[in-house]
Amino acid sequence: MLNHLTRFFTKSFQFSGRATRQEFWIPNLILTLVALLIGGRKRSERTEGIFTALIMLPSLSITSRRYQDAGISGWYQLPQYLSILLLPFAFMSFIGKGAKTLIVISIAAVNIAGLIFTLLPSRPANKYGPKPLN
203 MLNHLTRFFT
213 KSFQFSGRAT
223 RQEFWIPNLI
233 LTLVALLIGG
243 RKRSERTEGI
253 FTALIMLPSL
263 SITSRRYQDA
273 GISGWYQLPQ
283 YLSILLLPFA
293 FMSFIGKGAK
303 TLIVISIAAV
313 NIAGLIFTLL
323 PSRPANKYGP
333 KPLN
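Residue 203 is where the sequence shown starts when you use our numbering, and the numbers rise one by one after that.
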């Protein structure tokens, strides 16, 4: 478990190659628990910001490698990150109800697709490299 978490940070700049489901999910679940602990504290905004900054690049990297392990280009995670930019529009009063609904459904669809991509099993050797060993 610690090995996967260490690899999460040491491969921060490695966007090529592949990552197994285990290599992807173990650090993500641990870091989600850490984020929940940080977020549960009073006046934790600064700590949350620092934590987010520390894990952003490694998260992009491991997600890219996880997608590639499933045979999907790592660039397909881009819509997930861009969908975050749409979120404020869902709460603006001048946006019509229909548009708000469309925004929320679009964000949900993009993020559900991203989740499904990370759950896909490893493919045999593909253009992103040989099947990784656990």
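Quick caveat, the hints were computed from the structure, so don't treat them as lab data.
The model shown is predicted, which means the values in this text are computed figures rather than measured ones.
Treat each hint with caution, since some may be false.
As the list claims (entries may be wrong) - What follows is a set of in silico ranges between Cβ atoms, one per label pair, in the way DEER data are often shown: (1) Thr-208 with Ala-292: 31 to 39 angstroms; (2) Phe-217 with Ile-240: 20 to 28 angstroms; (3) Lys-213 with Leu-322: 15 to 23 angstroms; (4) Phe-215 with Ile-307: 18 to 26 angstroms.
Where is the CB? At the ideal position from N, CA and C, for every residue including glycine.
Could you tell me which of the hints above the structure violates, numbers in ascending order? 4
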